[in-house]
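Novice: Residues per chain are reported as follows:
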Amino acid sequence: ETGVTQSPTHLIKTRGQQVTLRCSSQSGHNTVSWYQQALGQGPQFIFQYYREEENGRGNFPPRFSGLQFPNYSSELNVNALELDDSALYLCASSLGQPIEPLHFGNGTRLTVT
Amino acid sequence: QKEVEQDPGPLSVPEGAIVSLNCTYSNSAFQYFMWYRQYSRKGPELLMYTYSSGNKEDGRFTAQVDKSSKYISLFIRDSQPSDSATYLCAMIDYKLSFGAGTTVTVRA
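Chains as they are written, first to last, in our numbering: chain F, 6 to 118; chain C, -1 to 106.
Just chain C, with the same shape it has in the complex (with noise of 0.2 Å):
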């Protein structure tokens, strides 16, 4: 079983809409959850950071973590085709361990 497991989609969405992703975990260690988003042919590019359970919102994304459940969302909300991109999952404890990335196309 990975450590960090992460809807495959690929997701399709029309401009407007909101759009979710998940993660589950299995490791307890993890205390501090990112979302990443990854453009092709870049690197992938922080979004949110958050550590404790609960909400936290920055615009149109809200990132939600539920520890008691080891599962952790992201929200995009009134969604833009520059969205399209893959959004990663990502959770510290001495390391980095990522989701396998979610491919969110929003069309115009």
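This is chain F alone, in the form it adopts within the complex (with noise of 0.2 Å):
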């Protein structure tokens, strides 16, 4: 069984500059969230996919978008990085709605200078 991956490990960027994280669903599960985890605090809800459409958002901006594709996987975009989008940001798969437990990939840690 393939678990969740993600994909770039590490990634800087510039203040005003945009990043797209990508993200491969563990095998067989077809809803996807991302998370956003900075130092030091727990993983704080972005938004979810469901069968490609997004079925919840946390109190993120805008500024944030996803994608699911037709095979499960997705990506998140940042547009206009501010130096607080710094963190962790992990992606996170289950099979149906939120009720079934989250399995964790080990996260994009993207640092905005």
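Read the hints as simulated data drawn from the structure, not as lab findings.
Every residue, glycine too, gets a C-beta built ideally from N, C-alpha and C.
The reader is advised that the hints may include incorrect statements.
What the hints assert, rightly or not - Every beta carbon over 12 Å from chain F, so not counted as near; a handful from chain C, in silico: (1) Gln(-1); (2) Ser24; (3) Ser51; (4) Arg75.
Stated by the list, open to error - Some chain C residues near chain F, calculated using beta-carbon distances under 8 Å: (5) Val17; (6) Phe28; (7) Lys40; (8) Pro42; (9) Ser95; (10) Phe96; (11) Gly97; (12) Gly99.
As the list claims (entries may be wrong) - Straight line, CA to CA, 30 Å or less: simulated BS3-like cross-link-like pairs of lysine-lysine: (13) C/Lys54 x C/Lys93; (14) F/Lys18 x C/Lys65; (15) C/Lys0 x C/Lys65; (16) F/Lys18 x C/Lys68; (17) C/Lys54 x C/Lys40; (18) C/Lys68 x C/Lys93.
Put the two chains together into one complex; each comes in its own frame, and the hints tell you how they fit.
Specialist: If you want it as structure tokens, here you go:
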């Protein structure tokens, strides 16, 4: 069974730039969620996709957007990067709706300078 | 007030001790409760998952849920240095909401 994989593992961007992070879901999982984890904090929910449709969003501005593809892989896009966007971005997948436990990837560490 | 409050720690215990971790929550819509373990530079790993009030055991780990008090706990018996990690409580209504995490160090 292949777990959740994320790329890249590390990324450095400049304020104002745009970034795309990628995630491959665990085999058979059709729900993907994205979380932001600042240093020393718990992960914060950004949004969730189920069968290519966004079906839940946390308290993040519209410059955070995403996509889920027919093979259930996913992208997180962040426009107009700010210094506070520096964090670990985690992708998690599950089978079906959110009541199923989430399985996380190891994240992408984004640093905005 | 945050939806999920977790004792900040850090916690340092000798090998073999019992580790006790706690979270409280304010959202009555939370129905599913989880504990995740996160090693440095890794994603969270699911440890325990429970729905009802009461205790659930899995090896050295016991998860306890008290819905009437909105309080959950995780106990680690016979702690090992390999248990040194950050432990995150998490709860679900329509999304997973996490506590801030407690960093645990088990000293050999």
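Novice: State for each hint whether it applies.
Specialist: Hint-by-hint comparison with the structure:
{"no.": "1", "hint": "Gln(-1)", "in the structure": "holds (15 Å)"}
{"no.": "2", "hint": "Ser24", "in the structure": "holds (15 Å)"}
{"no.": "3", "hint": "Ser51", "in the structure": "holds (17 Å)"}
{"no.": "4", "hint": "Arg75", "in the structure": "holds (23 Å)"}
{"no.": "5", "hint": "Val17", "in the structure": "violated (18 Å)"}
{"no.": "6", "hint": "Phe28", "in the structure": "violated (11 Å)"}
{"no.": "7", "hint": "Lys40", "in the structure": "holds (5 Å)"}
{"no.": "8", "hint": "Pro42", "in the structure": "holds (5 Å)"}
{"no.": "9", "hint": "Ser95", "in the structure": "holds (7 Å)"}
{"no.": "10", "hint": "Phe96", "in the structure": "holds (3 Å)"}
{"no.": "11", "hint": "Gly97", "in the structure": "holds (5 Å)"}
{"no.": "12", "hint": "Gly99", "in the structure": "holds (5 Å)"}
{"no.": "13", "hint": "C/Lys54 x C/Lys93", "in the structure": "holds (22 Å)"}
{"no.": "14", "hint": "F/Lys18 x C/Lys65", "in the structure": "violated (44 Å)"}
{"no.": "15", "hint": "C/Lys0 x C/Lys65", "in the structure": "holds (17 Å)"}
{"no.": "16", "hint": "F/Lys18 x C/Lys68", "in the structure": "violated (41 Å)"}
{"no.": "17", "hint": "C/Lys54 x C/Lys40", "in the structure": "holds (26 Å)"}
{"no.": "18", "hint": "C/Lys68 x C/Lys93", "in the structure": "holds (18 Å)"}
Of the numbered hints given earlier, the model fails hints 5, 6, 14 and 16; all others are met.
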